[in-house]
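Chemist: Required output: the full structure, derived from the provided sequences and hints.
In order, the protein sequences belong to chains H and L.
In this text, residue positions in the first sequence follow the working numbering: the first is 1, and each later residue adds one.
In this text, residue positions in the second sequence follow the working numbering: the first is 1, and each later residue adds one.
No wet-lab data here; the hints were simulated from the structure.
Please read all numbers here as calculations on a predicted model, not as lab measurements.
Glycine included, each C-beta is placed from N, C-alpha and C at the ideal position.
Be aware that a few hints might be false.
Unchecked claim - Derived list of chain L stretches under chain H, where covered just means 3 residues or more per stretch with a C-beta under 8 Å from a C-beta of chain H:
| # | region |
| --- | --- |
| 1 | 12-24 |
| 2 | 50-58 |
| 3 | 75-89 |
| 4 | 95-108 |
So you can see what is in the structure, the chains are spelled out below.
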Amino acid sequence: MELNPVQHDALVELLNIGFGRAGASLSKLTQQRVLLDVPTVAIHPVTHLTQSLGKLVNDRVASVHQVFSGPVAGDALLILDPLAAATLTELLTDVPSLSEELDPSSREVFTEVGNILLNACIGTFGNMLGVPVSFSVPDVDVSEVHTVLDRMLDSGDAFRYALIVTAGFRLRSSAVTGYVVIVLTVQSLKRLLDAVDRWQQTQ
Amino acid sequence: MSHRILVVDDSGLARRRARGILESAGFEVIEAEDGMAALERYFVDKPAVVLLDLVMKGMYGLEVLTKLREMDPAAKVIVVSADVQTSSHELVAQGGAAGFLVKPVDANEVLTLVRATLGA
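Modeler: What follows is the structure, given as structure tokens:
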């Protein structure tokens, strides 16, 4: 399954808007200017996900995972380097985070940040495409990339695709860069692309 | 007399932020970290306004809103959620909430809506 150039352009535009919203939320939370990279989007079978993410992040990551359901259903994952996650929680609490493992208090803060960012991104996406989604309670994890992905992909069918969105964001005065990954079933991906086709025809 | 506000959220960070905003304006704050606890606290402590998260473990916020309004049709509930979707805002309005605030919230918008809700 591949994106045609029109779908690719439309998805990047939608992601730009969704990530703009997420960036504004992060800026409001941290009181810092947030720099957003232009999102890149690609579709890979989930079996290639570990390899694709390995080019972007170190082996060990901090992640927030949320399942979303509705006509387009899937998994959303926010991934940061553990040190970046600790820095992010420090920015919100003014309390030094002493460990890359994130103590319970830091995990709580990171979970809420992930919840806000993933909702801003995917919720905006859903709004614009007219595809409402419901979110699960977020889970936080600090482990190797392959462990995070194995846990996320464990429960579903194997014939899934990852819409890999490398939407990097950086806080101007802090070394915090993160990525969002969206994993969809084949059926959901098809519905999403149909919605994208309808949306771009109205633009 | 200071009004009592019930903050319902499974995130400790969100509860602390709401408490800080509300207490600085002179409100009394009580907390619940899930839907069941929220229903209990509502009927024991009789808060003037409830700030309610949507996505929580156990009972979802929409269900809590429905139960609160079934048991007390005059319950004043403001939903505070990261959910930016128009469809969610419509569901919350249909459920009888007095308002919807999108996280992250700022102090002014919280206080303005809480005061307006108290005056309604």
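Chemist: Can the region 12-24 of chain L be counted as covered by chain H under the rule of three residues or more with Cβ-Cβ separation shorter than 8 Å?
Modeler: holds (count 3)
Chemist: Do three or more residues from the region 50-58 of chain L put their C-beta atoms closer than 8 Å to C-beta atoms of chain H?
Modeler: Our answer is that it holds, as 3 residues pass the Cβ test (under 8 Å) against chain H, meeting three.
Chemist: Count residues of the region 75-89 of chain L with a Cβ under 8 Å from any Cβ of chain H, then say if the count reaches three.
Modeler: Result for this restraint: holds, n = 8.
Chemist: For the region 95-108 of chain L, do three or more residues have a beta carbon lying closer than 8 Å to a beta carbon of chain H?
Modeler: Result for this restraint: holds, n = 3.
Hint violations for this structure: none, all hints satisfied.
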